[in-house]
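Novice: Work out the full structure, taking the sequences as your base and the hints as a guide.
Following the numbering used here, the numbering of the sequence shown begins with 3 at its first residue and continues without gaps.
Keep in mind that the hints were calculated from the coordinates and are not lab data. The beta-carbon is built from N, C-alpha and C at its ideal position, and this holds for glycine as well. It cannot be assumed that every hint is accurate.
[As the list claims (entries may be wrong)] Result set (BS3-like, lysine-lysine): computed pairs, CA atoms no more than 30 Å apart in a straight line: (1) Lys-41 / Lys-26; (2) Lys-17 / Lys-41; (3) Lys-43 / Lys-17; (4) Lys-34 / Lys-17; (5) Lys-26 / Lys-43.
[Said to hold, decoys possible] Quick list of the computed label-pair ranges, beta carbon to beta carbon: (6) Ser-61 / Val-24: 16 to 22 Å; (7) Ser-68 / Ser-35: 37 to 43 Å; (8) Leu-64 / Asn-16: 23 to 29 Å; (9) Tyr-52 / Arg-5: 35 to 41 Å; (10) Ser-61 / Arg-5: 42 to 48 Å; (11) Met-57 / Arg-27: 17 to 23 Å; (12) Cys-18 / Cys-54: 16 to 22 Å; (13) Arg-28 / Met-66: 20 to 26 Å; (14) Gln-14 / Cys-54: 18 to 24 Å; (15) Met-57 / Thr-33: 20 to 26 Å; (16) Trp-65 / Asp-8: 36 to 42 Å; (17) Glu-42 / Gln-14: 41 to 47 Å.
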Amino acid sequence: MRREFDYTLYHQRNKCETIFSVIKRRFGSETKSYHNDMKEKELLYRVLAYNCHRMCVISALLWMISRKPT
3 MRREFDYTLY HQRNKCETIF SVIKRRFGSE TKSYHNDMKE KELLYRVLAY NCHRMCVISA
63 LLWMISRKPT
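Specialist: Right under this line is the structure:
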């Protein structure tokens, strides 16, 4: 088991846990759906909303940096 353990993959776990934590804080930790198919779609939409939010924040920051007078 020790020989097959991939340390590079394991060190990515902190990033995943952080993203899951942010999604839960921003969009709630419980699902509103009853059926498994709808639960899966709801979670995928939350991830999509998180990605859109991150893209908007990053693009706004880049825009502000580029507009900054020197």
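Novice: It remains to establish, for every hint, whether it holds in the given structure.
Specialist: Cross-check of the supplied hints:
1. Using a Cα cut-off of 30 Å, the hinted pair Lys-41 and Lys-26 holds, with the two alpha carbons roughly 14 Å apart.
2. Note on Lys-17 and Lys-41: the hinted pairing holds, with a Cα-Cα distance of about 23 Å set against a maximum of 30 Å.
3. About 23 Å separates the Cα atoms of Lys-43 and Lys-17, which keeps this hinted pair within 30 Å; it holds.
4. Of the pairs offered as hints, the one joining Lys-34 and Lys-17 holds, with about 26 Å between alpha carbons and a cut-off of 30 Å not exceeded.
5. Taking the CA atoms of Lys-26 and Lys-43, the gap is about 16 Å. The hint holds against a cut of 30 Å.
6. For the pair Ser-61 and Val-24, the beta carbons lie near 18 Å from each other, so the given range of 16 to 22 Å is met.
7. Checked against the hint of 37 to 43 Å, the C-beta distance between Ser-68 and Ser-35 comes to roughly 41 Å, which is consistent with it.
8. Range check, Leu-64 to Asn-16: Cβ separation about 25 Å, and the 23 to 29 Å hint holds.
9. Under the hint 35 to 41 Å, the C-beta atoms of Tyr-52 and Arg-5, about 36 Å apart, fit the expected range.
10. Judged by the Cβ atoms, the range 42 to 48 Å given for Ser-61 and Arg-5 holds: they are separated by roughly 44 Å.
11. Between Met-57 and Arg-27 the C-beta distance comes to about 19 Å, which sits within the given range of 17 to 23 Å.
12. The given range of 16 to 22 Å is respected by Cys-18 and Cys-54, whose C-beta atoms sit roughly 19 Å from each other.
13. Taking 20 to 26 Å as the suggested C-beta distance range, the pair Arg-28 and Met-66 conforms, at roughly 22 Å.
14. Between Gln-14 and Cys-54 the beta carbon distance is about 22 Å. The supplied range of 18 to 24 Å therefore holds.
15. Distance hint check for Met-57 and Thr-33: the Cβ-Cβ separation is about 24 Å, which falls inside the suggested range of 20 to 26 Å.
16. Between Trp-65 and Asp-8 the CB atoms are about 39 Å apart, so this pair conforms to the stated range of 36 to 42 Å.
17. About 23 Å separates the C-beta atoms of Glu-42 and Gln-14, a value inconsistent with the hinted range of 41 to 47 Å.
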